[in-house]
Amino acid sequence: MDDVQAIPVEAAAHAEPTGKRGGVLRAVWKFSKAKPLGAFGFVIIFFLFAMTLGMPKAEFGAPALPDRPFGFELGEPFMQRYGAEDLFVTEGGFVAQYESPSAEHWLGTDKSGRDIWARIVNGARRSLFVGIWALIVATILGSGIGVISGYFGSWLDIIFQRFMDALQSFPPLIALILIVTINPLGSGEQASLLMAACALGFVGVPSVQRITRGVVLSTREQQYVEAARVIGASDVRIMWGYILPNIMASIIVVFSTGIGVVILAEAALSFIVPDKLPTGTSWGFMLSESYSSLGDAPWPGVWSAAAISLAVLGFNLAGDALRDVLDPRLRAR
Amino acid sequence: MQQYIIRRILLNFLVLFLVATMVFAALRVDSDTVVSRRAGICFSGGGGADSEQQIEDCKAIARTELGLNGSIPTQYKDFLFDLAQLDLGYSSVGNKDPIIDEIKERAGPSIELGLLQIFVALVIALPIGVISAVKQDSPVDYLLRFISILFLGVPVFVLAVMVILLSSRYGEGTFFADWFGPQGSYSSLSDNPFDNLKIMFAPALLGGLGTGAIIMRFLRSQMLEVLRQDYVRTAWAKGLKERVVVIRHALKNALIPVLTIVGILLGSIVSGNVILEFIYRIPGIGQYVVFNIVQTPNFPAVQGVVIVVAMVLVFVNLIIDIAYGWLDPRIRYS
Chain A
2 MDDVQAIPVE
12 AAAHAEPTGK
22 RGGVLRAVWK
32 FSKAKPLGAF
42 GFVIIFFLFA
52 MTLGMPKAEF
62 GAPALPDRPF
72 GFELGEPFMQ
82 RYGAEDLFVT
92 EGGFVAQYES
102 PSAEHWLGTD
112 KSGRDIWARI
122 VNGARRSLFV
132 GIWALIVATI
142 LGSGIGVISG
152 YFGSWLDIIF
162 QRFMDALQSF
172 PPLIALILIV
182 TINPLGSGEQ
192 ASLLMAACAL
202 GFVGVPSVQR
212 ITRGVVLSTR
222 EQQYVEAARV
232 IGASDVRIMW
242 GYILPNIMAS
252 IIVVFSTGIG
262 VVILAEAALS
272 FIVPDKLPTG
282 TSWGFMLSES
292 YSSLGDAPWP
302 GVWSAAAISL
312 AVLGFNLAGD
322 ALRDVLDPRL
332 RAR
Chain B
240 MQQYIIRRIL
250 LNFLVLFLVA
260 TMVFAALRVD
270 SDTVVSRRAG
280 ICFSGGGGAD
290 SEQQIEDCKA
300 IARTELGLNG
310 SIPTQYKDFL
320 FDLAQLDLGY
330 SSVGNKDPII
340 DEIKERAGPS
350 IELGLLQIFV
360 ALVIALPIGV
370 ISAVKQDSPV
380 DYLLRFISIL
390 FLGVPVFVLA
400 VMVILLSSRY
410 GEGTFFADWF
420 GPQGSYSSLS
430 DNPFDNLKIM
440 FAPALLGGLG
450 TGAIIMRFLR
460 SQMLEVLRQD
470 YVRTAWAKGL
480 KERVVVIRHA
490 LKNALIPVLT
500 IVGILLGSIV
510 SGNVILEFIY
520 RIPGIGQYVV
530 FNIVQTPNFP
540 AVQGVVIVVA
550 MVLVFVNLII
560 DIAYGWLDPR
570 IRYS
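If you read the sequences in order, they're chains A and B. The numbering used here applies: residue 2 is where the first sequence begins, and numbers increase by one. The numbering used here applies: residue 240 is where the second sequence begins, and numbers increase by one.
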């Protein structure tokens with residue numbers, strides 16, 4: 002199977018008839034006809050992103066999750082209707098605990114009388130941004146290690162690969178619990194959400210680097226790489242200009258599927274060890290909060306479970322379709 | 240072949256050494272906080288903290304229990320030295336049992352659950368994968384694939400929570416709640432096989448569905464590839480029955496790569512079910528290690544579990560690779 006050449010992203014994009022007017026729409030239409038499930042996945046992802054949207058504020062600073070994901074501060078999500086921490090009371094003055102869905106509270110209320118829809122919308126921001134940051138860490142580290150290890154080979158490769166094997170021998174969930182409990186960078190205090198995201202990404206490094214290394218190993222022997230070497234291109238230039246474009250397709254696929262995995266892992270972590278993770282609104286917390294009272298009040302549990310499953314499903318479907326389109330080499334693995 | 244095995248075994252020991260070093264280093268990052276916490280427990284039991292001296296004593300006890308005596312290099316040397324003799328040390332909580340005994344006791348339920356899950360996964364995935372491949376692009380295929388994607392997307396703990404919800408809200412007293420709902424106290428396979436199977440039933444089924452979906456998708460694509468091979472066409476041309484062609488000729492070869500997945504599952508058998516063990520209260524390795532990291536930091540236990548788990552993983556992988564070469568003579572190791 003190794004002789005199948007990966008199609009670089011650019012080529013795949015040009016293969017669609019984008020030259021004509023309305024080309025993008027037509028490409029989207031063609032894609033959704035060829036991959037209906039993938040298109041469904043993209044719809045879910047699009048909706049997730051829409052949930053996180055809020056009015057950007059003119060406040061800049063280092064990224065901090067969940068409200069300042071990329072340096073600028075986002076206001077309250079447009080879609081939330083109520084604040085995530087707003088407490089509601091019934092007309093009689095009691096806490097509006099465990100209300101069923103109604104026009105006022107679309108998805109009902111939780112134990113403390115908070116609106117579930119608002120909490121789901123706010124939780125989307127956390128899940129999505131943690132996923133994106135984790136994958137940024139994982140792909141940068143992973144593809145860096147994969148390219149260097151695959152390109153130079155010999156003893157460097159052996160050493161890197163043994164380290165990766167060692168990392169991979171840690172059961173991922175146990176490694177995550179260990180990392181968030183120890184909290185290596187902020188002694189004593191609780192880890193920030195950005196740190197948790199980095200930990201989640203770090204755990205994914207071995208599998209990302211394995212994929213990129215595989216692609217590098219097969220492209221390294223290609224004639225055009227040899228030709229570049231003959232005309233005296235430096236190692237850095239060959240890696241950057243000749244090999245990296247080849248792994249872009251794999252990285253895009255890994256990014257999409259990976260976000261699903263991270264969302265799942267974050268939810269699982271906040272389900273098992275809720276007090277070790279940064280506080281805030283999280284689907285995993287909602288599920289673990291409602292877990293003990295599921296029999297009497299199913300709504301918070303049902304909705305948070307649905308949110309987690311849909312998000313994971315969406316990223317899985319989109320990743321699968323992207324893999325088929327962009328990277329035939331990875332198909333069937 | 241012999242050379243290959245020897246080289247792999249040596250590399251495995253290198254990997255295990257790295258794992259041991261990493262877990263050792265990770266636990267020492269923030270050991271002071273843990274020592275103070277442990278010291279707190281010590282003098283609250285001893286009736287109030289009067290003097291600095293008492294606190295220091297308590298801290299010294301905590302350090303000894305956690306294996307934190309001496310400088311870091313000395314600790315590291317002792318740790319590796321003990322490890323080389325397969326001595327994982329003693330637990331720092333409870334009865335201070337040897338770690339190796341505690342792990343042995345906990346590994347049983349975990350391995351049982353893992354094997355049951357693999358069994359469920361194979362029983363479900365083999366027929367479905369074959370049918371889906373033989374009837375490629377038919378409505379049956381689409382339906383089966385959609386279901387398998389669904390099980391890939393829905394996290395196993397969400398599935399478990401939903402099942403518990405259904406059984407406790409609507410299934411009170413019925414057969415469903417009996418088998419899927421939360422069970423009472425755990426009883427081991429040797430004590431009471433029936434109760435034990437009843438406890439294992441739900442987590443095995445739920446976990447098996449998830450992995451079954453992965454195996455099914457993999458098997459389907461393998462079958463599609465194999466069914467297009469020349470030798471399968473020859474089998475058809477000879478006039479063999481469909482059942483014989485599909486099962487005896489095609490499936491046999493399509494199964495070899497599936498072994499890889501089963502191998503990965505076997506490798507993580509000891510530790511793969513942290514969440515299900517947590518939800519269904521099965522006293523396995525997952526629950527043990529979560530307890531010993533989060534509730535009461537117990538360094539020797541964490542080190543022991545991580546090393547044992549890694550050991551199982553790398554050597555199962557080696558065995559799988561060897562079995563692979565034996566099953567598929569085209570594969571040559573050099």
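Keep in mind that the hints were calculated from the coordinates and are not lab data. The structure displayed is predicted, hence computed values, not measured ones. We put the CB at the ideal spot given by N, CA and C, even for glycine. A few of these clues could be false.
[Unchecked claim] Below 30 Å or equal to it, Euclidean Cα-Cα: the simulated DSSO-like pairs (lysine-lysine) are:
#, chain 1, residue 1, chain 2, residue 2
1, B, K480, B, K343
2, B, K374, A, K34
3, B, K480, B, K374
4, B, K298, A, K277
5, B, K298, B, K316
6, B, K374, A, K31
7, B, K343, B, K374
8, B, K477, B, K374
9, A, K277, B, K491
10, B, K343, A, K277
11, B, K374, B, K491
12, B, K374, A, K36
13, B, K491, B, K480
14, B, K298, B, K335
15, B, K343, B, K316
16, A, K112, A, K277
17, B, K491, B, K477
[As the list claims (entries may be wrong)] Only some residues are given here: those of chain A computed to face chain B with a beta carbon under 10 Å:
#, residue
18, L38
19, F50
20, L54
21, M56
22, I149
23, L157
24, A167
25, I273
26, L295
27, D297
28, V313
29, G315
30, L318
- Query: Looking at the structure, which of the earlier hints fail to hold?
  - Reply: 1, 7, 9, 19, 20, 21, 22 and 23
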